[in-house]
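Could you slot chains B, C, D, E and F onto chain A? The hints should help.
Protein chains: 6
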Amino acid sequence: MSALSHIDENGRAAMVDVSAKGETARSATARGLVTMKPEVLALVAAGGLPKGDVLATARIAGIMAAKRVDTLIPLCHGLPISFVGIDFALDAGAGTVTITATAKTTAKTGVEMEALTAASIAALTIYDMAKAADKGIVISDLRLLAKSGGKSGDWTAP
Amino acid sequence: MSALSHIDENGRAAMVDVSAKGETARSATARGLVTMKPEVLALVAAGGLPKGDVLATARIAGIMAAKRVDTLIPLCHGLPISFVGIDFALDAGAGTVTITATAKTTAKTGVEMEALTAASIAALTIYDMAKAADKGIVISDLRLLAKSGGKSGDWTAP
Amino acid sequence: MSALSHIDENGRAAMVDVSAKGETARSATARGLVTMKPEVLALVAAGGLPKGDVLATARIAGIMAAKRVDTLIPLCHGLPISFVGIDFALDAGAGTVTITATAKTTAKTGVEMEALTAASIAALTIYDMAKAADKGIVISDLRLLAKSGGKSGDWTAP
Amino acid sequence: MSALSHIDENGRAAMVDVSAKGETARSATARGLVTMKPEVLALVAAGGLPKGDVLATARIAGIMAAKRVDTLIPLCHGLPISFVGIDFALDAGAGTVTITATAKTTAKTGVEMEALTAASIAALTIYDMAKAADKGIVISDLRLLAKSGGKSGDWTAP
Amino acid sequence: MSALSHIDENGRAAMVDVSAKGETARSATARGLVTMKPEVLALVAAGGLPKGDVLATARIAGIMAAKRVDTLIPLCHGLPISFVGIDFALDAGAGTVTITATAKTTAKTGVEMEALTAASIAALTIYDMAKAADKGIVISDLRLLAKSGGKSGDWTAP
Amino acid sequence: MSALSHIDENGRAAMVDVSAKGETARSATARGLVTMKPEVLALVAAGGLPKGDVLATARIAGIMAAKRVDTLIPLCHGLPISFVGIDFALDAGAGTVTITATAKTTAKTGVEMEALTAASIAALTIYDMAKAADKGIVISDLRLLAKSGGKSGDWTAP
Chain A
564 MSALSHIDEN GRAAMVDVSA KGETARSATA RGLVTMKPEV LALVAAGGLP
614 KGDVLATARI AGIMAAKRVD TLIPLCHGLP ISFVGIDFAL DAGAGTVTIT
664 ATAKTTAKTG VEMEALTAAS IAALTIYDMA KAADKGIVIS DLRLLAKSGG
714 KSGDWTAP
Chain B
564 MSALSHIDEN GRAAMVDVSA KGETARSATA RGLVTMKPEV LALVAAGGLP
614 KGDVLATARI AGIMAAKRVD TLIPLCHGLP ISFVGIDFAL DAGAGTVTIT
664 ATAKTTAKTG VEMEALTAAS IAALTIYDMA KAADKGIVIS DLRLLAKSGG
714 KSGDWTAP
Chain C
564 MSALSHIDEN GRAAMVDVSA KGETARSATA RGLVTMKPEV LALVAAGGLP
614 KGDVLATARI AGIMAAKRVD TLIPLCHGLP ISFVGIDFAL DAGAGTVTIT
664 ATAKTTAKTG VEMEALTAAS IAALTIYDMA KAADKGIVIS DLRLLAKSGG
714 KSGDWTAP
Chain D
564 MSALSHIDEN GRAAMVDVSA KGETARSATA RGLVTMKPEV LALVAAGGLP
614 KGDVLATARI AGIMAAKRVD TLIPLCHGLP ISFVGIDFAL DAGAGTVTIT
664 ATAKTTAKTG VEMEALTAAS IAALTIYDMA KAADKGIVIS DLRLLAKSGG
714 KSGDWTAP
Chain E
564 MSALSHIDEN GRAAMVDVSA KGETARSATA RGLVTMKPEV LALVAAGGLP
614 KGDVLATARI AGIMAAKRVD TLIPLCHGLP ISFVGIDFAL DAGAGTVTIT
664 ATAKTTAKTG VEMEALTAAS IAALTIYDMA KAADKGIVIS DLRLLAKSGG
714 KSGDWTAP
Chain F
564 MSALSHIDEN GRAAMVDVSA KGETARSATA RGLVTMKPEV LALVAAGGLP
614 KGDVLATARI AGIMAAKRVD TLIPLCHGLP ISFVGIDFAL DAGAGTVTIT
664 ATAKTTAKTG VEMEALTAAS IAALTIYDMA KAADKGIVIS DLRLLAKSGG
714 KSGDWTAP
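Protein chains in written order, with the working numbering: chain A, 564 to 721; chain B, 564 to 721; chain C, 564 to 721; chain D, 564 to 721; chain E, 564 to 721; chain F, 564 to 721.
Isolated chain A (complex conformation) (with noise of 0.2 Å):
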């Protein structure tokens, strides 16, 4: 028996039948994590008072993403969004953007994926426009922070 649930007996990629699953109210929440040096945050920073074009493109990047994981992951069901939202707090002496990212839905599965993917593309686009600032950027820390709905419940992560 395998606890993976896109391997089937014999080993192979399946799709989860959700077939016979009720539709519920599911929210997922996701943190990632951008780190640059802190010049380089200033700069983000900077551009972002006036006219917020570095986080106002990566929000806008994580958004069209979230609405598109069935077509990036292959064992992921397309599901009809009803709310993504990305929000982002910066460290200047870290030199850190804290991406979380909220996805909701009413389907038969959940949405972590519709989150994480949010989180994960408003990051590169984040270090796609400061690269030319600074080779070393380093994303991390992408994990679930929470999700509700569905059968298992509401979890927090701990």
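FYI, nobody ran anything at the bench for these hints, they're computed from the structure.
Possibly wrong hints are sitting among the right ones.
One copy or any two copies: either way a pair holds, since identical chains are not told apart in the list.
Subject to a maximum C-alpha distance of 27 Å in a straight line, what follows is the list of computed DSS-like cross-link-like pairs (lysine-lysine) [unchecked claim]:
#1 Lys714 <-> Lys584
#2 Lys600 <-> Lys698
#3 Lys698 <-> Lys714
#4 Lys714 <-> Lys600
#5 Lys698 <-> Lys584
Small disclaimer: the values here were computed from a predicted structure and weren't measured.
Quick look at chains B, C, D, E and F alone, frame taken from chain A:
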């Protein structure tokens, strides 16, 4: 003057105009880390030995994502990708999969984002296929290892 | 307080959270106009009589675009489109094609953008196929004609 | 009157309006055949035993294509796919791979095109990966085996 | 003989065969107009001053659409876009946003459709974000302003 | 050593690295067959005579799919397609549509998959539009007819 290449003098997002640049052979290699409970990694590895499907699926997802970077990262240029390869190294004790992704092109601009996106989507695919067994999986240490080609020449992470 | 539904209290872009809304049958009809030299319209129409290919191509392009609105318009929700239809009316003297597009769904939010995008991409397709014969083509008067369903009820352009 | 559901009374292409139809559980199974030289099939199978990568890659490609049918087939509706599964049966003597693909949904219209497209793209992926060894590969016998659900009820190929 | 470049001698749609054409540097600039109630434009502008998000979102949407023109307009060729830039000019009294979009490539065919599509999708994004405050928004005057490069040489709208 | 070009020495899927190959003009032609009841073909043909919409729709679908092969077939390279053309030949007595698709590029690798995918998606589109009238439609005989260009030179099916 801005040191962020995608922000113009008015703080607005813009694609970098590469019209006048010459095409050169370029390569980039990126790395990312997926950390899960060692007993879950054992399932991935065991599934991996006879059929290879978790890692085979993640490899395909990463390769396909690398070819779509310009539709995911708003200001990236579309490039004629000549190669994408993804390798996985498993550490049974630490519960980690180290993903190494390489992308190549002959183009006016570099393929760092393609390598990073390949690693990122491969990591998210592993996450998706293992998440039913471990809600605490973390993706980290996503960074550029090396790049070659272009005006700025070769670079290797220190 | 903002009257722009996609801007939150901090001025940031966000999807409207429709999680708590009920699904209702919805419909929207949009119109757009393509104006070209009458002699070029004659070619479109003549091509249209035996084979219909300019308008047939534009119709297909508009229908396909309506199904992808959530990947084009950043803050639009993905909707289960139940119908898209596109009609063309040609005015030989004025050199105009009037495009009327209707979209339907049963969803938590409306299909105005699907109807408008269908008309817009159909117009651009006509433009593309006729532009070698007329560089001065203009697309205009793209607007909503009517919508029905949802909390705000039915609406018809005055 | 036309018996072709996507052609309206004027002979124009149109999506079938399914607004008034109820959602029911639906399933469809399709089959396709890929024929190559037996010695090339042996390479596919041998590659298949330790690593499974030709067939694993084809399975992933087919599953991902099934989720994008509405962007490939112009008049198909987007459906919330609840399951896609793909099986392969190899006949070493005949040099054939028989592909069987099943798709499921709960929707207003059927999933035949999803099952057929999954089998078709899986077949093309096998073709792509084997074509360097055999230019004469043929894809054939792509057909519907069975469908269930919807107003017209269950159907099995005679 | 047909003067419509995408229609062959039998009236059928076809891509123009550009195989034998040389690659040249090309540029195109298009313009479009979005007209809304002045008090709604004031909200867009106010949102625009501190955070820029309506226009920043429209700019990103337009840039991303320009990179996908070959998947939207059926007979367009895929081009290696080297630059897309979008500017907005607001007329508070008239309630208008004038969108100017420029695209560049080095390719066998021109980028008019990329510039026009960028302007069109940017306009639809503004429409989407303002439509809750004004159902009567109109998109108009979408046209080519100038193009350069290619066999037909430079052209500026009269 | 493996004779399957996409499988590396460890049996893993990989894109063929074409970085070092030169660009040459390439062409490929593929064929496929759709067989239905003759009376259903008569509807397709009749619909085809005044408006051409079934075949016009299938042609557009095939052309658009050819431009997206790299997003459908996992290990295919993205190519700058310079031409895609699709022809249909109807045999009223046999109830068959023979689809012939040609693709051209100037690139480092061939366009066989583009021609085959164009024919395949055109066939599926015909299937979709005729399936309400005939559940027993079969797509068969999808194969390469000829290719030219590249290191392996010209080839014509025997």
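Verification of the supplied hints:
1. Lys714 <-> Lys584: Both: 9 Å inside a chain and 22 Å across chains, each within 27 Å.
2. Lys600 <-> Lys698: Within one copy only: 10 Å inside a chain, 31 Å across chains, cut-off 27 Å.
3. Lys698 <-> Lys714: Classified as between; 15 Å across copies, 44 Å inside a copy.
4. Lys714 <-> Lys600: For Lys714 and Lys600, only the inter-copy Cα distance (23 Å) is at most 27 Å; the intra-copy one is 43 Å.
5. Lys698 <-> Lys584: between (46 Å within a copy, 21 Å between copies)
Violation of the numbered hints given earlier is absent; every hint is satisfied by the structure.
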